[in-house]
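If you read the protein sequences in the order shown, they are chains A and B. Each residue of the first sequence is one higher than the one before, starting from -2 at the first, in the numbering used here. Each residue of the second sequence is one higher than the one before, starting from 86 at the first, in the numbering used here.
Check before you lean on any hint, since a few could be wrong.
[What the hints assert, rightly or not] Residues on chain A that point at chain B, a partial pick, calculated with CB under 8 Å: (1) A12; (2) L33; (3) R104; (4) L108; (5) M131; (6) Y151.
Treat the hints as calculated values from the structure; they're not laboratory data. The C-beta atom is built at its ideal place from N, Cα and C for all residues, glycine as well.
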Amino acid sequence: MERSELERELERLHAESWGWALACCARDHELAKEALQGSYLRMLSGHATFGGRSSVKTWVFGVIRMTATEEMRRRRVWAGRNVDAGSAIDAADPAPAADALAESSERSEILIAALAAISPRQREVLQLVFYHDMTIEEAARVMNISLGSARTHYQRGKAALAGKLVHEDVR
Amino acid sequence: MSQPGDDDLRAHFHTLREYDAAHAPEFRAVRADATRRADRVFRQRTMTFVWLAAAACLVIAAGLVLRRSRHDATVRFAGNGAPTISNWSSPTDGLLRAPGRELLSPPPILSSILDGATGALVNSKGD
């Protein structure tokens, strides 16, 4: 893919890429920005190349996920081993940033709180399917897991999230 | 209250998507920050390489200077007229040569055999 064409694609997908970077970085805006910068650099410099085996969006999201994982790990190492379990990428999400909650709509607040209570893999697959309108197969490619695993996470995540949303609505 | 179905979940997520899109940073700003970050990393790595190369040169130069000064010290020691171990003789060497030593030393074996043989021929021819 030509660089100019790639740049056009990245600009077209930028808003969705931002949403996905936020999801991968536990909704930490600064970390999401760094992850997105790193991802764009990788793709535009040629360190990550599009092989044509999937859609451009799937490939871009895969790069963002990998870069976000590295940024989270780097931050964890930098901060020492004193990071609490709530902010580790593999653990449940911590509470979203207070300023993000203050500004978001009530519906978004409820959804963010409910997502924080389910497992990271379930959260990822639901984000990719419902937020980014991907198929479960595309979500499996982005997450680099088997289709069967993705389906399992999707079913269980949907049930868990629906239960959390009912609980939040009732409160 | 019934659990939300797929459409309800999708509506929740789309609301969140609209909020995130409204607060997303500009693409060109992110792109420019990425380039600046890459330049900064490149400069830091270049400076690190320069410092390491300078340190390596210093170590090599120090090693060469030390090696040369040791070699010079060895040459000076060897060339100051001091005798080497191969040609050194003890000042009390003379005491080992006892007087009359030549009388006690055995005659050479080969010459005694030939002397005896030639001496007998000379005496028989003379008779």
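Results for each hint:
1. Interface restraint check for A12/A: the shortest CB-CB distance to chain B comes to about 4 Å, inside 8 Å, so the restraint holds.
2. Taking 8 Å as the C-beta contact cut-off toward chain B, the hint placing L33/A at the interface holds, the least distance being around 6 Å.
3. The closest approach between the C-beta of R104/A and any C-beta of chain B is roughly 5 Å, which is under the 8 Å cut-off, so the hint is satisfied.
4. For L108/A, the shortest C-beta to C-beta distance to chain B is roughly 5 Å, which falls under 8 Å, so the interface hint holds.
5. Hint on M131/A is violated. Least Cβ distance to chain B is approximately 12 Å, over the 8 Å limit.
6. For Y151/A, the interface hint is violated, the least distance from its beta-carbon to any beta-carbon of chain B being 11 Å, above 8 Å.
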